[in-house]
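*Asks:* Going line by line, the protein sequences match chains W and G. Numbering of the first sequence is given in our numbering, commencing with residue 1 and proceeding in unit increments. Numbering of the second sequence is given in our numbering, commencing with residue 1 and proceeding in unit increments.
Worth double-checking, as some hints may not be accurate.
Put simply, identical chains are the same to the list, so a pair is met inside one copy or across any two.
Claimed, not checked - Here are the simulated DMTMM-like pairs of lysine to aspartate or glutamate, each with C-alpha atoms no more than 25 Å apart in a straight line:
1) K12 x E137
2) K66 x E16
3) K130 x D176
4) K152 x E16
5) K152 x E18
6) K185 x E137
7) K223 x E251
8) K66 x E18
9) K110 x E18
10) K152 x D244
11) K209 x E196
No lab work stands behind these hints: they were computed from the structure.
There are 2 protein chains.
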Amino acid sequence: MEHLTLIKVGGKIVEEQEALSRLLASFASISGRKVLVHGGGRSATAMAARLGIESRMVGGRRVTDKAMLEVVTMVYGGLVNKNIVAGLQAAGVNALGMTGADMNILLSDKRPVKEVDYGYVGDVRRVDGKSLAGLIEMGVVPVIAPLTHDGKGSMLNTNADTMAGETAKALAAYYDVTLIYCFEKKGVLRDENDDESVIPEITFPLFNKYCDEGVVQGGMIPKLENAFDAIRHGVREVIITRADAIGQENEGTRIVG
Amino acid sequence: MEHLTLIKVGGKIVEEQEALSRLLASFASISGRKVLVHGGGRSATAMAARLGIESRMVGGRRVTDKAMLEVVTMVYGGLVNKNIVAGLQAAGVNALGMTGADMNILLSDKRPVKEVDYGYVGDVRRVDGKSLAGLIEMGVVPVIAPLTHDGKGSMLNTNADTMAGETAKALAAYYDVTLIYCFEKKGVLRDENDDESVIPEITFPLFNKYCDEGVVQGGMIPKLENAFDAIRHGVREVIITRADAIGQENEGTRIVG
Chain W
1 MEHLTLIKVG GKIVEEQEAL SRLLASFASI SGRKVLVHGG GRSATAMAAR
51 LGIESRMVGG RRVTDKAMLE VVTMVYGGLV NKNIVAGLQA AGVNALGMTG
101 ADMNILLSDK RPVKEVDYGY VGDVRRVDGK SLAGLIEMGV VPVIAPLTHD
151 GKGSMLNTNA DTMAGETAKA LAAYYDVTLI YCFEKKGVLR DENDDESVIP
201 EITFPLFNKY CDEGVVQGGM IPKLENAFDA IRHGVREVII TRADAIGQEN
251 EGTRIVG
Chain G
1 MEHLTLIKVG GKIVEEQEAL SRLLASFASI SGRKVLVHGG GRSATAMAAR
51 LGIESRMVGG RRVTDKAMLE VVTMVYGGLV NKNIVAGLQA AGVNALGMTG
101 ADMNILLSDK RPVKEVDYGY VGDVRRVDGK SLAGLIEMGV VPVIAPLTHD
151 GKGSMLNTNA DTMAGETAKA LAAYYDVTLI YCFEKKGVLR DENDDESVIP
201 EITFPLFNKY CDEGVVQGGM IPKLENAFDA IRHGVREVII TRADAIGQEN
251 EGTRIVG
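Bound conformation, chain W alone (with noise of 0.2 Å):
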């Protein structure tokens, strides 16, 4: 099997142009078959703001209404989505940007209403490996931004971080796959007030201990979840590192199973 890498990279990081000329230069610098799955939120909130609409979060998750939908539409697929594509251009990769209604790549169900009513927002029911494995094999680098759709003409608002992993577990059937979360940190710390403190390797057994210890906790939790779910449905192995050591060796944390 070819291999290919998936990489993850949020907010901060695409939405500050000298991050992302960064993070482009190194993606670009990647060798083989790859995918990016980038966020946006921090551009939708502050676009939201500019028209006047409030931006509701819940547990970390952005409440999204008909006008909310129209933003992040607008911002992950048009604006930040659009940046990237032309960004990796110039540096020579053949980026193709998409949502999941695009070919229809990632097909969602609209989450369920239950003590939150989150609108139109997405839970991934199937990802098209096989559609985008055929792109890839055409030497597109497929760039996917944090939207998915319902099948019946609706965008849904969707997380970057689950629409990875869904998507390096599709993807698991027709390469080896390498799924690199990207966030600000060195990786996993063990003490969040030193960043040098990276812990180079979870097993499922120590990410439970680090759970109960209160080692690993907030926003670290389901990242890692995400992350020892694509272990067990076929991905080789998971990276949460920064940006900026992408593509460098014994960087980061590796998740294994």
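Chain W is fixed; fit chain G onto it per the hints.
*Replies:* Showing chain G alone in chain W's frame:
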């Protein structure tokens, strides 16, 4: 050669939900290979106004400074494009939303500053018909927003009629192309106050005669010039008609060599 239908739809049609629904249904009913190129100027103007950005037009073309480039990138590439893509997917069409930057399908030069500085506006330099044909042969239906890129990292606002014409010319090397320009009227009218006075067929000598006589004027002149240019470059036929009449025989005005 296989037949391919390339449809360009402008402003009103893709921006009003009811007209869009009718368009999506007629577009879905077209058999065989197809491509959609869309506009979105009204939505861009409306979004710019909401953001306190003034729209400035010179000779029907939008002056595009940095702030306006952000607006058109997110409105054309995000809001309008993904709304169409999600709608077509719901109608069973395997749509893929693209700008010229995606897979580098339309590369432009930033328009040189002469009497007017149009800002981030692109004049199409090259269309990659081969990559588009590759997608089309995968069963994909490209849905192209009126944006290109300069190959140096910047998106460029680009006229949708021109993009449709240039794309039709590039695809003429691979397909027997029918290019259809949809707008509000039934076709090119002999009398602009009589909606039924459609001219069924215009040859190039007839076009010159109509221009001299003032029968054809205003925005119809560049549209027809694009049409004749396409015919001269191998496009089989160009039809100017209403969106409602897509796929109907003997509707609209047929442009022939």
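*Asks:* Are the CA atoms of K152 and E16 at most 25 Å apart within a copy, between copies, both, or neither?
*Replies:* between (35 Å within a copy, 18 Å between copies)
*Asks:* I want to check one pair: K66 and E18. Are their C-alpha atoms no more than 25 Å apart within a copy, between two copies, both, or neither?
*Replies:* Only across copies: K66 and E18 sit 17 Å apart there, 32 Å inside one copy, limit 25 Å.
*Asks:* Checking K152 and E18: alpha-carbon separation at most 25 Å within a copy, between copies, both or neither?
*Replies:* between (39 Å within a copy, 16 Å between copies)
*Asks:* Can you tell me if K130 and D176 fall within 25 Å by alpha carbon in one copy, between copies, both or neither?
*Replies:* within (14 Å within a copy, 29 Å between copies)
*Asks:* Up to 25 Å between alpha-carbons, please classify K110 paired with E18: within, between, both or neither.
*Replies:* The answer is between: 23 Å across copies meets 25 Å, while 35 Å in one copy does not.
*Asks:* For K209 and E196, with the copy left unspecified, which applies at a CA distance of at most 25 Å: within, between, both, or neither?
*Replies:* Within. Shortest intra-copy distance 21 Å satisfies the 25 Å Cα cut-off; inter-copy 78 Å does not.
*Asks:* At most 25 Å between alpha carbons: which applies to K152 and D244, within, between, both or neither?
*Replies:* Between copies only: 22 Å across chains, 40 Å inside a chain, cut-off 25 Å.
*Asks:* When no copy is specified for K223 and E251, does a C-alpha distance of 25 Å or less occur within a copy, between copies, both, or neither?
*Replies:* within (18 Å within a copy, 56 Å between copies)
*Asks:* Since the copies are identical, ignore which copy is meant and state whether K12 and E137 lie within 25 Å (CA to CA) inside a copy, between copies, both or neither.
*Replies:* For K12 and E137, neither the intra-copy (31 Å) nor the inter-copy (38 Å) Cα distance is at most 25 Å.
*Asks:* My question is about K66 and E16: at a cut-off of 25 Å on alpha-carbon distance, are they close within one copy, between copies, both, or neither?
*Replies:* Only across copies: K66 and E16 sit 16 Å apart there, 27 Å inside one copy, limit 25 Å.
*Asks:* 25 Å Cα cut-off: does K185 pair with E137 within a copy, between copies, both or neither?
*Replies:* Intra 33 Å, inter 44 Å, cutoff 25 Å: neither.
Hint compliance for this structure: hints 1, 6 are not met, and every other hint is.
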